[in-house]
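**Q** Each chain is listed here by its residues.
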Amino acid sequence: MQSKRERVKIGREKLQRIIEMCKSVEERSLDPFLINVEEIIGIIKEYFPEWENPEDLCLDAETIHHLASVIKLQSEWVRHRSTSLYTDPFLLEEKLARIDKEEIVEAFLQAWHPIVEMEQISLHSLAEATRYWESLLPLKERWKGFPPAEVEKSLATREELIRQRILRDKAFSEELENFWKELKAKVGEKGKIHYWDFVGAETYEETVQRAFLTSFLITYGYATLEIHPLEEEIFIKPNEKPITKIGKKQLVSIPITVSSEDWMRWKKGELK
Amino acid sequence: MSKRKGYYASKMKRAVHMLFYRRHKKPGVKGWELRKALGSDYPKVLKILDDYLKALDLQVKTVFEGEKALEKPSLEDLDKARFYITLRGDLTPKEAKMIGWRIDDLAGLAITIAYIISKRGKVPRKEVEELLRDKLPGWKVGLNIDRYIRYGYLTQDENEQLYLDWRTRAEIDEKALIDMLLSK
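Chains as they are written, first to last, in this note's numbering: chain A, 1 to 272; chain B, 1001 to 1184.
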């Protein structure tokens, strides 16, 4: 005796098999009468009382939908066979294999009435085109009307960054400290990590936020950057203690682009 | 010339311009376009034009929506139909060659169309390729099918199933083709 769970499982498998079978008839133009509709309706009826989940009921509905398509194909098949256009494909295949191409072309030419169409410029259309050309403004004048949208550049305040959800609303120093700890944990014994491997996150927004915090880690001496220009590789190295360089060394700014394209490339594993 | 004759003569000229010169991407003119340009009696104008074209071995061909030829079409059916000017009679193999068709390509087209008709209008491309490969060189088979699709004789769906397309319906007498092939 099968348990209820087993019956549900078997029922699902049977319905999925029926759907696949119906689909192959629909898509590969197989003979729709390969499917025994009565038998399939019997199966659907048999398992219907078992369905309780909405997913199972959907599967049941999908099966009936595909079966209905097969029945439609069967009716079309009968209708086609009853028309004068019906020819046994095997008979035709046989015939086509036996007759030579000259005979095929001869038959085709008697049934072919190609469309007659002309493509010719007329004096009227030339005059029309000239009028259009005369009234057409030069490109530089037409494009003047659509100046490229300019984005105003200015410094972003911390409040604005919080509003735009680039920064979280907690003490910045606390956030930076946590971020530094995360960097140290990620670096481990290697002592450094690829810039993108540290900054890159699931979403582009998160990545921008991490890049922003990283820039502060470096500016405030929590970490340093190691750049290999030939290999085009950038590493981040956490410092054991924050190092204040102001006054000792000349500070340099290193711009690193964190564009959405770069982020996509990193996600695909193409960027280091 | 009587007033009435003059009326139809001018409408016939307008119809000739519309039907002979390609106005859209595909040739042919929709019934409603003709009604808009020629008035509601455009079926009569087309009938007169068709009679006139007989002497030139041309005809006005009507292709109704839904692929079926209608015995007594309603005005609505005509509005939705597409009208073309086609050859009334048939071409000789020499003439077919002159309009850019090689005998192999034409035979391939004939076989493909006949096979699709016999299979109720839908055939996997692979099956047609196998059929054609029997008499055409392999490298040419795919190119030819693509050409038939490009010209509008066939169309192909995402499952690589081939169907007959608008040009076949406009240019080919499907029943005559099958009958002629079977009688060979």
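One thing to keep in mind: the hints can contain errors.
No farther apart than 30 Å at their CA atoms in a straight line, the calculated lysine-lysine pairs in the DSBU-like style are these [claimed, not checked]:
#1 A:K23 - B:K1126
#2 B:K1175 - A:K95
#3 B:K1097 - A:K95
#4 A:K95 - B:K1135
#5 B:K1094 - A:K95
#6 B:K1003 - B:K1094
#7 B:K1013 - A:K14
#8 A:K101 - B:K1126
#9 B:K1003 - B:K1026
So the derived list for chain A, only partly shown, Cβ under 8 Å to chain B, looks like this [said to hold, decoys possible]:
#10 Q74
#11 L96
#12 E117
#13 I121
#14 F172
If the Cβ cut is set under 7 Å, some of the chain B residues that face chain A in the computed set are [stated by the list, open to error]:
#15 H1017
#16 F1020
#17 R1022
#18 L1053
#19 A1055
#20 L1056
#21 Y1084
#22 D1090
#23 L1091
#24 S1118
#25 Y1163
#26 E1171
#27 I1172
#28 A1176
Derived from the structure by calculation, the hints contain no laboratory data.
Glycine included, each C-beta is placed from N, C-alpha and C at the ideal position.
**Q** In ascending order, which of the hints set out earlier in this document are inconsistent with the structure?
**A** 6, 7, 9, 10, 13, 14, 15, 18, 19, 20, 25
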